[in-house]
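Construct the entire structure; sequences and hints are all you get.
These are the residues of each chain, in order.
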Amino acid sequence: MDFLKWGRSPWGEDILIRISWDLLYLSAIGGVLFLIGHALYVRFWPQPVPEKGDAATTAALAARIPERVARHSVAARAFHWVMAAAMFVLLFSAFLPIVGVKFAWVTIHWIAGVILTLSIIYHTVHATFWLDFWSIWPEKGDIEDSRRRMLRGVGQSAPAPRKHGKYPLENKLYHLIILITGLAVIGTGVFMMKRVQTPFFTRNPYLFTDQAWGVMYVAHGLAGVGLVALVMAHVYFAIRPEKLWITYSMIFGWIDRGHYLEHHDPQRWNVARPVPPPPPDEDAAKGRRIAV
Amino acid sequence: MAENDPVVTADEGQRGVSRRNFIKGVIAAGAAVSTTSYLFRGGSILGQPSLPGAVERLVTLNVNGQQRRVDVMKQETLAMTLRYKLGLTGTKLGCDRSECGACTVLIDDVPHYSCSILTHSVRGRKVVTIEGLASPTGQLHPVQQAVVDAQGFQCAFCMPGFVMATVGYLKTNPNPTRPELAHGISGNLCRCQDYNKILDAMMLAAEYTRRSSRA
Amino acid sequence: MAVIRDVMPAFELFQPANVEEALSLLNRYKSDAWVMAGGLDSFDWLKDRIKRPKVVVDLVGVKELEGVRASGDGLEIGAMTTLTDLVRHPLVREKFGMLLEAAEAAASPQIRNQGTIGGNVSQDTRCWYYRDGWECYRAGGNICYADTPTAMNREHAIFDADRCVAVNPSDTAPALIALDAKMVIRSTSGEQIVDAEHYFIGPGIDITRMTVLKPGDLLVAIRIPGTWAGSQFYFEKVRDRKVWDFPLVNVASVMKTSGGTIQDLRLALNGVAAHPVRLRAVEAAVRGKPRNEQTAEMAGLMAIEGAKPLRHNGYKLPLVRNLVKRAIRGVEGSWTS
Amino acid sequence: MPERTLVGQNYTTPDLVAKVTGKAKYAEDYRAEGMLFCKLLLSPMPHARVRRIDSSKALAMKGVVGVLTADDFPPVKPDQSGLKPEQALTNEPVYQGEPILAVAAVDEVTAADAIELIELDLEPLPFAVDPIESLRPEGANARLEGNAYVDRKVATLKWTAEDFREVAAGRLPFGKGADEWKVGDVDAGFKQADVVIDETVVIQSTGHQPLETRTAMAYWQNGKLYLHGSTQSVARTVASVAGWVGVEPSKVVIVSEYTGGGFGSKIPGAHSMAIPALLSKKTGRPVMMRISREEEHFIGRARAGMQARARLGMRKDGRITALDLYIVMDNGPYSAQGDARSSGSIASLAYQPMTMRFRSVAVLTNTPPRTSQRSPGGMQVNAILEPIITKAARKLGLDQVAVRHINAPAGKAPYGPPGQNGKQRYVTSAFVKEALDRGVELFGWDARKGRSGQRRGSKARGIGVAVSPYVGGSIGFDAIMTIRPDGRLYFQSGIGNLGTHSTIDVHRVAAELLGMPWEKCEVIWGDTSKHVPWSCSSAGSQTVHAMTRAAHAGAMDAKRKLQELAAHDLGGKPDDYDVSNERVHRKGNASGGLTFAQAAKRAIELGGKYDGHELPKDINPMTKTSATALAGLGLMGVAKDNYPRDGDTHSYVVGFAEVEVDVETGAYQILDYTAVADCGTVLHPHSLAGQIHGGSVLGMGHAIGQRWTYDQHYGRPLAKRFHHTKPPTILDVPVAMKWDAVNIPDPETPVGARGIGEPPVGAGYGAVLNALVDALGDDAFRRTPVTPDVIVAALDAGKWTHEALTAHV
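Residue numbers (the numbering used here), protein chains in the order written: chain A, 1 to 292; chain B, 293 to 507; chain C, 508 to 844; chain D, 845 to 1653.
Among these hints, one or two may not hold up.
Stated by the list, open to error - So the derived label-pair ranges between C-beta atoms look like this:
id, chain 1, residue 1, chain 2, residue 2, range
1, B, Gly345, C, Arg595, 32 to 42 Å
2, B, Gly430, D, Thr1439, 24 to 34 Å
3, A, Thr209, C, Lys570, 48 to 58 Å
Since the hints were derived computationally from the structure, they do not count as laboratory data.
We put the beta carbon where it would ideally sit given N, CA and C, even for glycine.
So, in structure tokens, the structure goes:
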């Protein structure tokens, strides 16, 4: 299978055009296989029993943890869903025509792309100045935790990993990879808007050399088909019963105390109420301010 | 010469007679399949693989009143067959793209660009080229005579096409006005471009043709 | 790397005798098959060695696709009817003079003697970049060479460009749309009837095709209802040379008036987008209005709303405006000598 | 001067029946045993260097016989310009479409398939397709050696940023680097003017596009090359082909009995002829090279386009007081072209400006090679200046014809750059005023004036007139004719047969002088193995003038020999004898003396000068060789044209046109056209009509539609085929056209006849442009062709809007 599609320039030179759309199917199949594999694994593989913490400490801590632990601000949730909507529009407008559902997709695609770009710019600024910027980035200890978790996941013995901070490593890695692919599609996509008619630019496909454009199209395509698998995985986890509490948090903004205590390390994600405890209603607001 | 050949019609060639029999027939008749296949891979009749149901390469064409047997490639245009297989070089190629008219011939009395029709498409149809206009005794066709009398062309590379187009058009409108005639033969390009004298000649041709059909 | 032109590469040739045979061939060879009607569009592609079908299905022998028949108070035109036969047909002359005009305006006499109505409406665009083998969007690439800062695009689209700025070159297409013709499409899986207006598709829908025909489909006939027979027609084609050339813009309209008021009309343009454009908004605005200069002027202005000219085709705006104006009110004035 | 029995009469040319029956053989109609076919590999890039060619896959194909590359050609050195002369195949293609390689195979399909298997590695080099872009400070040069001809050498020439501010404003700057000449004080001239017009104009390049492409077939026999090609002169093609192929001229035979048009593009044959010749040598088999219409666009030659600026001053009475003309010529990639220089000369001749300055610069571009095309430079300058003159006249309220009349050249009119002595050259004669008068009458100018610029509804009418001179003949060629014992007169001719009929016509002068009935004359042409004399090309309107002179000289030689022979045999002095009625006889006794048949026999018996065994000293070596080969066949008339001539021969055509423009669509029709020629004595009316109308239509074609379009980013042409280049069709010209000739003999040539091929072109062009100006006003167009889009956009905007200076739009 040829992964790259080559064309011929008006000068008879071989130039990269894009990736082969076979890769789309490959990505989709890969995504499906992963889901099936994971589902089977969860269903049939004995799952390690979560570590029980020291009961006394937990109880003491629990007292200081609000009923609802604020996890995502309204702004952050809005961003996520706008981005998700844009992403779905982008993916569908990009790939439906390829699989045979024909419609005028270009305008939809670039408008969604612009929305995605704007929302990401907003998110970057927002996360940098208003959120706990570092909470989403993998850190050194995550790797050791991850190794331990894996070993235990396949039934090997390993020391207990730490609990998660605000975001589990999977989340962090997913964010990282979506960030890379997202930037790749956006970075290339913005330039590609010079190749079609939009109100923003005078159309000029000669902005870069034929070869440079080729690389850009390939990058856009690779990231695009990569996103298919990534989004599939994301949606899959979002609807897995044991993960639904996380999904709800992206809708309602909070997780309950139980899940917090079960999955998160209070040291690494401190949402403990300072003294004296304020009324519950304000907790959330306060918590948001302090901890998000 | 070809009049003595056993005639194999296009229909028989395609359906009634198997290729093997057809070839046998040709060999028996001693006719050369293609003595001058300069242009297209003609050497072996079986050279081009054939899918079931596809056209046969050996065809019989009716050109200038004669039945001519030819080995024709699938993608061969009539102009090429005429010029390179039947030796009828009076039909000229000016553009090979239906943009000049130099290759105009009559197919069932209708002017066509022979560069832009497959030879296989004219099986069973009557093809007339510039060589087929004059009588066997050499008497010019009225349209040819008019061109001679009016000294109607210059380099004359376009002339065969113009003459054939005029002959064809006059069959549909024997008594045209000058603008009608111009419209009728507008599918032919002349680069020496004395369209005026061409029209003079062809108006004379219309008159001669009327006269000869009356006679 | 080497590019060579003007010699057709080998292909396998089928000349089916009837529609059934043709359809089964098309079904068997699907996208490997090339349908050839008159061949005038096909030969360019084949001689340029740009399109390389394995199999050519030449419809020359399918006699059932030829001819014009009365059908109710309208007509049914076989897809393989030559433009000349169409022009000479008494029923066309009597009822749909505009179609005659449009067909007569196409190409050259010899081309009309061989070119078919089916081919004329289904032909590919003539964008000279695409036709010259530049690997643009329409050819499977990722660029439009005709809309760049240095591109030569006098003939190109002012409407509905979607990456590709090519235009549909057919002269009969707008006339058929104005006449509310129906296209009869057959394949091995059955028959489908499509309004002429929807027979054509733009690059947004499918950048590599001009019509709804998919591999395996065959346009077999065009039906013109009697609705507009003998109504007031207007057809005009503006082009460079009076022979051979495709339209820079053409316009076709059918109209029914009563006491100076426009009762109903249909109006279509070609040469302005990748598909012929039916001017529905103009039709709606003009219906019920008096047929006069003012209405014509308004129609002309409405017709160019949303037009996006390229570097060399800005003239198409005044041209469309004036042609639409004329389609409503007719041509003014003339000289006798 | 004898009674005109043949000159001025219509007759049926001897080549006509062969043409009309399809028997006439053009280059592609020849076949040879074992003939191979070749196809060309063309450069995909506008400028590149061949790094590597791998033909192994192609050569491995069944049926492929040989491959030819530039390395198989005789080596060439740069000429005095600094550029290597063009060769048919190259390792440094300088325009997209330039042939790099040729494959010979048993048939064309195989050759084409083989071409696709050639692996070609090219290194792209900088390129320019628009002369103005190349003159930008940062603009690319078309050649590694430079971008323009400066003092006849290729050098790098750049204009200043300041100059390009003018360009941005739509005006051609008077940039540096131009050749220049002046007549009188131009500034003073402008001071005398009552109106001054200053316009920047672009004239398109156009391919010659003869209907027959430059197909050629070659084979070698006994060390001699036989080449069947398409040329404007077999005699003149021998040496050029010999040079390209690298053999002695005596080893080359050129056959071209019928040439399907040339218009200047086949003057010394075609460079590409060397391809089948060398491939045939390499493969040992005959090779046919069919040139397609698209290939013809590339190698078929083209007219040099121009970007020009003209300032013209006119006095109240219509006299042109000053002309300041600056031309940037698109020279193509090879040798320096003469179009721009001719433009200067023709402008000065046509309008006789009281003062004039002319500047021009030839800029190299990576577009197909240019060469003279019917009225080279003359046609372009007509298109540049005619509308300006019409606009000036209109501003002054003057009639178009009156303005042409007052400025018309007459008698020994001066023209062109001043020579060493400070004086301009002058023409042999000019009867333009007479032609204008005749045209006004024939066209009905005065009656049509009522419609000038009038509008009815959307239809505007306009009328126009234009004056177009061009060189009308050369001198110094040879003639060979033999009266043979069969009593017939045989003419050898080395002129190409392009269907102008002059190949044949010119010999009627000799037949008439010798009193020979035309039925007993035979012209042998089109084959250099048939011993042709040194002849001119059927080009540059030379033939009728040059070769009637040669025929006259040859006939006079034959006549003198008949007289001497009669005196020798029958006594008396040669001058006692006369020729008529196919006899040489004593004056006053037409039935006595010797018949031509008897004289021919006697000539052979006597030998020496009579039958060609002794030859004049001044004839060309080619003529000498041919005459020697023909010696002993009969009484030979062989001579060089040594007739005196005072002035340079030019002919003139005035054209009149009426157009009707639809101002809503920009579409227009040329309703009527009339042309009157001043070309001296009329030799063959039918043929002259063909030249006048045919040339005029070529000009009209340039006015109304002929295109030459390039994509500037990739330097590739978009208009290559007729469908895009748009030569005019029969419906684009008036359905009936008129013509006449003033028919006043030129005093500087014995027959009085001048050539006529070129002048009508500018007349047709200018007349149509002027009619458009008349119909549409002063501000509708500044470049040609004037197509509906240009008109409708200008009328909509109220001024011309089309690209001011961009070339190849």
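Unsatisfied constraints (hint numbers, rising): none
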